[in-house]
Amino acid sequence: MAEIAFARPESLHDVPFHYCPGCHHGIIHRLVAEVIDELKVRDRTIGVVPVGCSVLAYNYFNFDTQEAAHGRAPATATGVKRVHPDSVVFTYQGDGDLASIGCAEIVHAAARGEKITTVFVNNAIYGMTGGQMAPTTLPEQVTVTSPYGRDPEKVGMPIRVCEMLATLDGAKFIARVAVNNPANMAKAKAAIKKAFEIQMSGLGFAIVEVLSTCPTNWGMTPLEAVAWLEKNMMPYYPLGIFKTPEGVAK
Amino acid sequence: MAEKILMKGNEAIGEAAVVAGCRHYFGYPITPQSELIEYMAKRLPQVDGVFLQAESEIAAINMVYGAAGAGARVMTSSSSPGISLKQEGISYIAGAELPCVIVNMVRGGPGLGSIQPGQCDYFQATKGGGHGDYHNIVLVPNSVQELVDYTILAFELADKYRNPVMLLGDGALGQMMEPIAFPQGAAAAPAKPWATTGLRGRKEPNVINSLHIQAPDLEKHNIHLQAKYKTIRENETRWETYKTDDAELVLVAYGISARVALSAMEQARAAGMKVGLFRPITAWPFPYEALAPLAGKAKAFLAVELSAGQMVEDVRLAVNGASPVYHYGRLGGMICSPKEVLGEVTKIMQGKEGK
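These protein sequences, in sequence, are chains A and B. Mind the numbering: the first sequence is residues 1 to 250 in our numbering, read in order. Mind the numbering: the second sequence is residues 1 to 355 in our numbering, read in order.
Hints should not be assumed to be uniformly reliable.
Unchecked claim - Derived coverage of chain A by chain B (criterion: at least 3 residues anywhere in the stretch with Cβ under 8 Å from a Cβ of chain B; other residues may be distant): (1) 45-55; (2) 58-68; (3) 115-122; (4) 126-137.
Stated by the list, open to error - Computed Cβ-Cβ distance ranges for the label pairs, DEER-style: (5) E10(A) / P190(B): 27 to 37 Å; (6) A183(A) / A188(B): 47 to 57 Å; (7) G201(B) / A2(A): 24 to 34 Å; (8) K228(B) / A227(A): 34 to 44 Å; (9) H131(B) / V144(A): 23 to 33 Å; (10) E204(B) / A183(A): 36 to 46 Å; (11) A188(B) / D151(A): 57 to 67 Å.
Rather than coming from a laboratory, the hints here were simulated on the basis of the structure. Using N, Cα and C, we set each Cβ at its ideal position, and we do this for glycine too.
Could you build the full structure based on these sequences and the hints that come with them?
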């Protein structure tokens, strides 16, 4: 008895990703697409994509999308959602986009309890522009704009976005996940699904931070990058659910 | 037309937007346009509209981008420093060809400037403001009734050309009260098959975007934009003339300055001087072709504006060296009086203007 065990989600176009080998964007795109398929909301989904490595995400998602200005995706998504309250609206943003230039927009979208979902990809670096220091770059991490390593004395410590947003009443679901192994991918997908369900139930703002690799700008092989993420990012950015409508989970 | 009511300029813009079918407004408080955001906060919920006070001017214009891309008739408003903050978003809106209305009730600048009326944002409004080769359609009303009429026109033009339209007023127009009448309504918004509404049965996804990463594609997009701007120049250039037929000196002024210039012109006429007034109603497209023929007849031109000389550059382009072009302006939130303008007129008519 033949059965299709693995197929391209309808929410993804049949085109190759432009992402570097070992980059996690492709996996995260697929998880988002699978969730939208499973929730059967592709017909009323509007994605808002950022400036950064995933700037071309509108070429991959097979539903309506808007390409926002750098950091402004939560504001743009607010405009979309307020026009079509019955639609499912999400932003897909990197760490330079969301945690640096777009810090005000994400904080206020969360504070308003804007009924949107944010998928926040944190790879501790600016990928597209060539590996500059981000607000999420770890202490001592060498980048092209922190060539001697990030010095917390001069530029402070990295921002933990989930923990910061968890103080806001309007944010109803906050989780940090990773896609470094199959078990974590399953957890990541479950969290993304929950974040969309929170929006669809009208509860408020939901965000899932996904820890991601950048082998090219980290100067590593894909496998070394996964190991580096596990050893360096996970201790500073602990995985878990920081907030759910049922209360703070462990 | 309904019977006339007395209304403040800023509030009249808000009601005109509602008449035009605008149901989405995103803004941030700033003097001297606060009555407008306050009016929308009160009025839009009464018509099942959406009012949202954004965390910043930057957020507000990007909410406008999202809402316009989603197919709504949408407006934001601000004053000079806030409009500067919106420029990035306006460039994206122009690039993505989204219709929206942006109100700038101009105050004195630069920097934080003052809260009194100015016309010192003319360059910003008409010559770009944000990055890239683009134009806003810029309407420059000179009365509260025109604030109403041109707010409605702004929504119609925005939808017609899928282009941002700026209503360029000033602190005086926003604050003054005049009797006005509202028309029955604007032309209904056209169908927007390009809008991101969610697929809802449509086969191909819609994408709102200003990125064309391949240079040949971006050049093609720019050529398309320029062709659109040419169509707008040919069809939407608006102006008015007063007694220019026999004028030896033509005053050129827009907005509140045109009111002052008109009074000065009448006083000059009463004193036997042949003075006329040319009033642009669209600052972009500027009515070059309408002004140019006057250069063959008038001996001189005097631009009157509340700036150090911005619109005067467009007057010089139109006149193209055929006659001397003078400028008179007050700065920093000061308004010129008809008497001051008459003084300049008299000097020029007597040949005492040395410039």
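So which hints don't hold here, by number, going up?
Violated hints: 3, 4, 8; rest satisfied.
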